[in-house]
Each structure stands twice: as C-alpha cells, then as structure tokens.
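K.L.:
Chains as they are written, first to last, in this note's numbering: chain A, -12 to 168; chain B, 454 to 564.
Hints listed in this document are in silico derivations from the structure and should not be mistaken for laboratory results. Here a beta-carbon is modelled for each residue, glycine too, at the ideal position from N, C-alpha and C. You may find that some hints are simply not true.
Unchecked claim - Partial chain A-side listing against chain B, Cβ under 8 Å, derived:
# : residue
1 : -2
2 : 6
3 : 16
4 : 20
5 : 38
6 : 73
7 : 74
8 : 159
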Amino acid sequence: MMIDPDADLVLRVGQGDRAAAAALMARHLPMMLALARRMLPDPAEADDAVQDAFIQLWTHAARWEPGRAKFSTWLYRVTLNKCYDRLRRRPTARLEEAAEVVDPAPGPDAGLQNAAISVQIQAALAALPERQRAAIQLCHYQGCGNIEAAEILGISVEALESLLARGRRTLRARLEHLKDA
Amino acid sequence: MDDTDIESAQDAARLNRLLDAAPAPTVPAALERRIMADFDRVAARWTFAKTLRRIADAVWPDAPVWQPACAFALALLIGTGVAAFAPLDLPQQDDAFALGGPPDIDIGHGI
Chain A
-12 MMIDPDADLV LRVGQGDRAA AAALMARHLP MMLALARRML PDPAEADDAV QDAFIQLWTH
48 AARWEPGRAK FSTWLYRVTL NKCYDRLRRR PTARLEEAAE VVDPAPGPDA GLQNAAISVQ
108 IQAALAALPE RQRAAIQLCH YQGCGNIEAA EILGISVEAL ESLLARGRRT LRARLEHLKD
168 A
Chain B
454 MDDTDIESAQ DAARLNRLLD AAPAPTVPAA LERRIMADFD RVAARWTFAK TLRRIADAVW
514 PDAPVWQPAC AFALALLIGT GVAAFAPLDL PQQDDAFALG GPPDIDIGHG I
C-alpha cells in the first residue's frame, strides 16, 4: 500500500495539533500559492483561494481517511476547485486582466529584460483556457506525474495529455518571439 | 492537427526553459498568519467535541464514541422509565406536625 508522507501530519491536525498544522502549511503552501497565482490573474484573489482551501483542510482533517486518496492530490484538487469557483464568478474580466499580470517577485537583482520575459510568459499562461493552464501548472510547475495530475483534474490520462499538448502548442506559438531570449 | 502531436525535443526543451523563467511567487507572511488564525478558530470550535471525547475515553477507554454515548443514553432511559412508571412507595412524613410547634421533648424542666 502507498505510504502517504502527509498522513501522520493530517492525523495530528485532526486532533488539533497546531505544530502539525504549521508543518503541513509550510510543506504545501508554496506550491498551492504558485498554482493559485497562475490560475487567477489577481494575486489577492489567489491568496484568498489558498486560504479557503486551508480552511477546508482544517475543517475536514479530523475526518480524513488515510489510504483513500493521496493527501496532496486531494489538497491540490481543493485548491484548483477554489480557483475555478472564483473564475466562474468573473468570466468576462479574465482575458483583459491576463495581459496585465505582474510578476509578483522579480527579485531586486533581476534584469529588466528577464522581468519583461517573465511577465510575457505569465501573461501567455494566464491567457490559456483554465483546464490547459491547470494541466501545465500541475505537470510542469508542481512536478506531478500524468496519473496524479489527471486524478487532481478529475479526467483521464489521455484527456490530460491532450490538454497538455494543446496548451504547450499554444504557448509555443505565443512565445515564439522569445525563442532567442 | 492532432491534439497529441509530438513536439520536437528541441521545442519541448525551449518551452520548458521559458516556463522555468516565470518565478514561483514568494509566500506572504500575512497569508501564513491568516491561515494559522483560521486554524486556531477551527480548533477552538473543536473544544466541545474534544472534551466529550476525553470524557468518553476516561469512562470507556479506546472505544468508539457511540459506545459510551449509547450506554449513557440507555442508563438515562432506564432511570427515567423507572422513575415515571414504578415510583417507590416511600412512607409520607407529616410535615405539619414537624413544623406546627416546639418539639414535645421532656428535657427535665418539670422535675
């Protein structure tokens, strides 16, 4: 049987252990935030989506049943669903805002050109359809395998591969002018 | 074009490099604080349930909560039933006599 590296922490969180909650948050928050920030154009909204996902975790931790699903898979799915909820509430503003995505952390020593490239990449990602964006986010940035990513998205592996291929093709076309960068 | 057409290894590597150029966001400390504050709020709501669990553990260690809860409910039901349908036949005390005047006790004043 698969051993879930988070199972012990989730169990302790369910018993009200604050240190376990902090450890679980430290382990998953950066990836969840990266996922939400790339799914939602507004960073503040992405932060809210991640916070909502954690509230769901704190509320349900006591009822978590180890062995039914990998914890991180469940957590990323909750995060994605929170992002989808927010995208559904504001369907018309997304594309316009996608072009205005600002690099949240360019780093003080990053060159202007790198920052500009980063902004263009993020804009290209933000302009992808949400399912393609999620697939690329999970497989490229979160390092999920195809099976896990498909499970998080609730689709078949074939459908995931199709989403990835279409998303990557669109990105290649949109970022064609950066190929020498 | 087929959805799953194979991108060349060179194209894939180039796109991966570009995607890697988009930095991961830094986690704002304020967000961490908000999340832990939520945990504290949810944990505070658990207190009643946790107290019940502790009592149940003290009465009936390592049993699922429903067992001591059922035992308690059954005992309550039996107790209420007995009190309602089978009252004890206690002798009635004459309170009027007890409160009507000073006790009729000879403590030796008439000697």
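K.L.:
Run every hint past the structure and note whether it holds.
P.N.:
Structure-based check of all given hints:
1. The interface hint given for residue -2 of chain A is violated, since its Cβ lies 14 Å from the closest Cβ of chain B, which is over the 8 Å cut-off.
2. Hint status for residue 6 of chain A: violated, given a least beta-carbon distance of 11 Å to chain B, over 8 Å.
3. Checking residue 16 of chain A against chain B: minimum C-beta separation of about 6 Å stays under 8 Å; hint holds.
4. Interface hint status for residue 20 of chain A: upheld, as the beta-carbon distance to the closest one in chain B is roughly 6 Å, under 8 Å.
5. Below 8 Å, beta-carbon pairs count as interface contacts, and residue 38 of chain A has one with chain B at about 6 Å; its hint therefore holds.
6. A distance limit of 8 Å between C-beta atoms decides the matter here; for residue 73 of chain A the minimum to chain B is near 16 Å, and the interface restraint is violated.
7. A distance limit of 8 Å between C-beta atoms decides the matter here; for residue 74 of chain A the minimum to chain B is near 18 Å, and the interface restraint is violated.
8. Using the Cβ-Cβ criterion of 8 Å, the hint placing residue 159 of chain A at the interface with chain B is satisfied: the shortest such distance is roughly 5 Å.
When held up to the earlier numbered hints, the structure conflicts with 1, 2, 6 and 7 and fits the remainder.
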